[in-house]
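With chain D held as given, fit chain R onto it using these hints.
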Amino acid sequence: MSVLPEALATIRDDFLALPQPDRLQLLLEFSRELPELPARYADHPELLERVVECQSPVFIFVEVDDDRIVHLHATAPQESPTTRGFASILVQGLAGLTVEQVLDVPADYPLTIGLTEAVSPLRIRGMSGLLGRTQRQVREKSAA
Amino acid sequence: MAVAPDPNPAFAAFAHPERLVSTEWLAEHLGEPGLVVVESDEDVLLYETGHIPGAVKIDWHTDLNDPVERDYLDGARFAALLGGRGIRRDDTIVIYGDKNNWWAAYALWVFTLFGHEDVRLLDGGRAKWEAEGRAYTTDVAPRESVEYPVVERDDATVRAFKEDVLAHFGRPLIDVRSPEEYSGERTHMPSYPEEGALRGGHIPTAQSVPWARAVAEDGTFKSKAELDAIYRDGAGLRDGDSVIAYCRIGERSSHTWFVLSHLLGFDNVRNYDGSWTEWGSAVRVPIATGSEPGDAPTR
Chain D
1 MSVLPEALAT IRDDFLALPQ PDRLQLLLEF SRELPELPAR YADHPELLER VVECQSPVFI
61 FVEVDDDRIV HLHATAPQES PTTRGFASIL VQGLAGLTVE QVLDVPADYP LTIGLTEAVS
121 PLRIRGMSGL LGRTQRQVRE KSAA
Chain R
145 MAVAPDPNPA FAAFAHPERL VSTEWLAEHL GEPGLVVVES DEDVLLYETG HIPGAVKIDW
205 HTDLNDPVER DYLDGARFAA LLGGRGIRRD DTIVIYGDKN NWWAAYALWV FTLFGHEDVR
265 LLDGGRAKWE AEGRAYTTDV APRESVEYPV VERDDATVRA FKEDVLAHFG RPLIDVRSPE
325 EYSGERTHMP SYPEEGALRG GHIPTAQSVP WARAVAEDGT FKSKAELDAI YRDGAGLRDG
385 DSVIAYCRIG ERSSHTWFVL SHLLGFDNVR NYDGSWTEWG SAVRVPIATG SEPGDAPTR
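From first to last, the protein sequence lines are chains D and R.
Under my numbering, the letters of the first sequence match residues 1 to 144, in that order.
Under my numbering, the letters of the second sequence match residues 145 to 443, in that order.
Accuracy of the hints is not assured; some may be wrong.
Distance windows between CB atoms, simulated [said to hold, decoys possible]:
1. Gln20/D with Gly219/R: 33 to 43 Å
2. Leu18/D with Ala369/R: 51 to 61 Å
3. Asp234/R with Leu47/D: 48 to 58 Å
It should be emphasised that the hints constitute simulated quantities derived from the structure, not laboratory data.
Everything numeric in this text was worked out from a predicted model, so none of it was measured.
Ideal Cβ placement from N, Cα and C applies to all residues, glycine included.
Only chain D is shown next, with the shape it has when bound in the complex (with noise of 0.2 Å):
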């Protein structure tokens, strides 16, 4: 079994050491952490994919890089800060890794974070669409 990056252990070990409600709290910190969209990807929005199984609109780019190092861009309105929580924890807990490491993330790790109770399992499923979606992209960015 692969070990889970660090960035992801450590945010699942955040979420769980918290009691219920603070772990909404902590969502809502990582919402306003979502980094904006690089201008460049800003002025093309058809680079963007629309991750569906989230409830509210959010887009999802990647990038891999020479170095085999994967940059997943997201952005989701203001008005939906479960979704851009979401995104932030994804974009925080996968920064710096390498394609080999994003694809080993295991598809269940937005189930062991601690929020089904929070949020519902089936607001959670919007994360995992999310996750499914980014390897996705790796997968198919690194073949060449």
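Chain R only, in chain D's frame:
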């Protein structure tokens, strides 16, 4: 202690104008004894980003549903929920939320299952309050717990089950989902997650009236005349009809239930909360596909 209704003339034509309050009215009455404002959103964190001062959060997933069975909370848990949020049985509750009050209407319908008498919607919901630049706060004012009586949930008056729908053929059904869900091209809303129905289509004879047609550009409800044109002239509803509305999990149809019951005055409207996620997966129930309502099954 109930609060006097909003006398707004814009509501006068509705069958039950006391079920709506305007943003102006709410702004003037905030903090009045006997008035509790409840926010109910699709997004579980939206309240935390800012809400109407004094508003209490009630979440449709985590507060109103049973965590194990597919059902709503029972009378004891409803009493604990409302009492714990400082809401008394005789308080006036005004509910508002995101997405044209979609989830607010759902919460209002669940409150109705427990017979909470005075529960109203903020016309225009969160979006209108925000567009008008009205006060928001992130402060959560502590509310003292109060006694709320344990009331048995009434599952007969405004709620329909699958068996009720099967016995209902010959009387009007309203399908409030998108045209693509109605025809059977898809089993879930465009850009929403798949919620697991095995078959696509609609309940035979159901008229298609997507829920958001009841809403005007600014998020408020359309006028009585406009709503009559949609539901009476368009969908063929008549006075005295017994109506069942459904959608995917019973949330959008709560909104239509509110329109038919409280704005147009139909006395016998039920929401089938099992909706398509139950019907579309049930064994040996009739299904019609395509854009036509189809015929009632002969049994």
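For each hint, the structure was consulted:
no., hint, verdict
1, Gln20/D with Gly219/R: 33 to 43 Å, "violated (24 Å)"
2, Leu18/D with Ala369/R: 51 to 61 Å, "holds (52 Å)"
3, Asp234/R with Leu47/D: 48 to 58 Å, "holds (56 Å)"
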